[in-house]
Every structure is written in structure tokens, then in C-alpha cells.
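Q: All chains, full assembly: derive it from the sequences and hints.
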Amino acid sequence: MHESEVVDITDQNAVALACGGNPEAFSFLYEKNVTRIYNYIYYRIGSASDAEDITSRVFYRAFGHINTYVDKGVPFSAWLYRIAHNLIANWHRDNLRRKEVPLEDHLDLPHKADQPERMLEKNQELILLMKAIRRISADRQQLILLKYLEDLSNAEIAQIMGRSEGAIKSLYHRALIALREEMERIGYKSD
Amino acid sequence: MESKMTDMNNKGMFGLEEKLSSMLKPVMPDPVFMSKLKTRLARTPAILIEKSKRRMGVIVVGAGLFAGALTVWIISKLKKR
Numbered sequence: 026m027h028e029s030e031v032v033d034i035t036d037q038n039a040v041a042l043a044c045g046g047n048p049e050a051f052s053f054l055y056e057k058n059v060t061r062i063y064n065y066i067y068y069r070i071g072s073a074s075d076a077e078d079i080t081s082r083v084f085y086r087a088f089g090h091i092n093t094y095v096d097k098g099v100p101f102s103a104w105l106y107r108i109a110h111n112l113i114a115n116w117h118r119d120n121l122r123r124k125e126v127p128l129e130d131h132l133d134l135p136h137k138a139d140q141p142e143r144m145l146e147k148n149q150e151l152i153l154l155m156k157a158i159r160r161i162s163a164d165r166q167q168l169i170l171l172k173y174l175e176d177l178s179n180a181e182i183a184q185i186m187g188r189s190e191g192a193i194k195s196l197y198h199r200a201l202i203a204l205r206e207e208m209e210r211i212g213y214k215s216d
Numbered sequence: 005m006e007s008k009m010t011d012m013n014n015k016g017m018f019g020l021e022e023k024l025s026s027m028l029k030p031v032m033p034d035p036v037f038m039s040k041l042k043t044r045l046a047r048t049p050a051i052l053i054e055k056s057k058r059r060m061g062v063i064v065v066g067a068g069l070f071a072g073a074l075t076v077w078i079i080s081k082l083k084k085r
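Each protein sequence line maps, in turn, to chains E and X. Counting along the first sequence from 1, when you hit position 31 you're at 56 in this note's numbering, and nothing is skipped either side. Counting along the second sequence from 1, when you hit position 26 you're at 30 in this note's numbering, and nothing is skipped either side.
Just so you know, the hints here were simulated from the structure itself, not pulled from any lab data. All values reported here derive from a predicted model rather than from experimental measurement. Fair warning: there could be bad hints in the mix.
Restraint ranges, calculated between C-beta atoms of paired labels, are given here [unchecked claim]:
| # | chain 1 | residue 1 | chain 2 | residue 2 | range |
| --- | --- | --- | --- | --- | --- |
| 1 | X | Leu74 | E | Tyr94 | 39 to 47 Å |
| 2 | E | Gly46 | X | Val76 | 47 to 55 Å |
| 3 | X | Ala46 | E | Thr93 | 51 to 59 Å |
| 4 | X | Leu69 | E | Lys194 | 50 to 58 Å |
| 5 | X | Ala71 | E | Glu56 | 51 to 59 Å |
| 6 | X | Val65 | E | Asn111 | 23 to 31 Å |
| 7 | E | His198 | X | Gly66 | 51 to 59 Å |
| 8 | E | Cys44 | X | Leu69 | 38 to 46 Å |
| 9 | X | Thr43 | E | Asp176 | 41 to 49 Å |
| 10 | E | Asn111 | X | Leu69 | 45 to 53 Å |
| 11 | X | Ser25 | E | Cys44 | 33 to 41 Å |
| 12 | X | Thr43 | E | Ser162 | 36 to 44 Å |
Each residue gets a CB set at the ideal place from its N, CA and C atoms; glycine is no exception.
A: Right under this line is the structure:
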């Protein structure tokens, strides 16, 4: 594949080329999606090392089964999110008895431009917010993270989650209500 | 009264949405991890054939049944003698 082809390539072309074993097509799909898949997993489970492990498994599974991928007109990332969603469910199932996720993992990441005191306060807030998010159902978590981390529209989220746009709107409303309730339950004040 | 309640509810939701959009920021994965994974993926054959646990189970059960039937047959033959 020449450089010009890489520039013009679409998800669908890349998948077709990857099925034929083209390493550059794999690289293209990987580069395009790795950060968003990592972010999704990281915010769902709260541990950087486990997020790396699951991200690796998502890509191994996707590239190992790329010949089974059926193009239904949805972005390739939708397939990756679905794999990630299933692997996260397995991770939660396998770690049911494990101690709670180390939420302090978040401390060194966002809000780097703030003053140290404000940064700490924000990180404490983020820890509580993430704690509340992880207490709502998996599909509601997925919706919240896709909306706020990826900045996706309801139509795009509907494609990824395999639902109608109307169903996403309604799920979003229920997700916010559930999240607010969980925040109140853990003593987090959103105002 | 009801509209006031809805108003308060909407304000609360709006506040929560604002909070979510200000707090949930994408993080960058470790570049070393990303580059190592990319290299490992490039080295792995494109199509992996996973061993099916179900198929293995069928083979084990089938072999067990075959061995059992063979034993019964041998015993019945020996008894006839």
C-alpha cells in the first residue's frame, strides 16, 4: 500500500485490506482506534494496567477475527466497542471478589493545568464521580462515556450500541437520573 | 407547582451534564504501551484460529463413549467364550 492510499483509506477499505493480511491496514485501524478504546475501558474499570491489558485483548480479538466482521454500515469502532464492552463484563465477573478498584489511579492524569490544591480537589471530585458512574448499569455507563469522552451524537451512539436514536435519548435521561441518585447515595454533591 | 419541580429537575440535570462535560476528559495511554502493542499486533498472524472449548468437549465425550462401548463389546466377547 502506498502512502497516498493510506491517506484516502476508509474504515471499510482498511478492513477489506486487513482481511487480506495487509499490515498497514491493521496499523491504520489500530492507530485510529486505540486511544478511544483505551479511554473507554480505562473509565469503565479505573485501573491503567488492567485497561492496557483489556485494550490489548480487544485488538488481538478484533484482528484475529477480522474475517468475521460484517460491514453493516456502522463504523469499525462500533465493533471494537462491542468487543471491549464484552471483555469489560468478563473482567467484572472475574473480579467480583477482588477489592475495589484503586481510584487513586486517576490522580496523575487529567486537569494538569490547575493549581495543586484545585487539582487535588478536582481529582477527588473525579474519583467520586467515577465511583457513581461505575455503580449504574453497564449500558448506561457506556452511553455516558461515549457521549462525554468521545463527544458522540445520539445517532452515532445508537449505531455503536445497536439501538434506535429514540431509545438512546430515553436511556440517556434514565442514565442521568440513575447517576444523580448514585451520587447522592455516596454523598457527592453535584452543585 | 409541578412545573417548578420539573424546572428544578431540569436545572439539576443541566448541572450534572455540565459537571460530566467538565470532568470527563480523554486520557492518553502510555506511548510505550501503544507502540509495544502495535509491534506485537504486527507480528501476530492476521487470522488467529482459536481452539474451540466446545469442540474439545465433544471430542472428549465422544472418545469416552467409544472407549466405553469398546470395553462392553470386548467383555461381551470374552463372556461368550
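Q: Are there hints from earlier that the structure breaks, and if so, what are their numbers?
A: Going through the list in order, the structure violates hints 3, 9 and 10 and respects the others.
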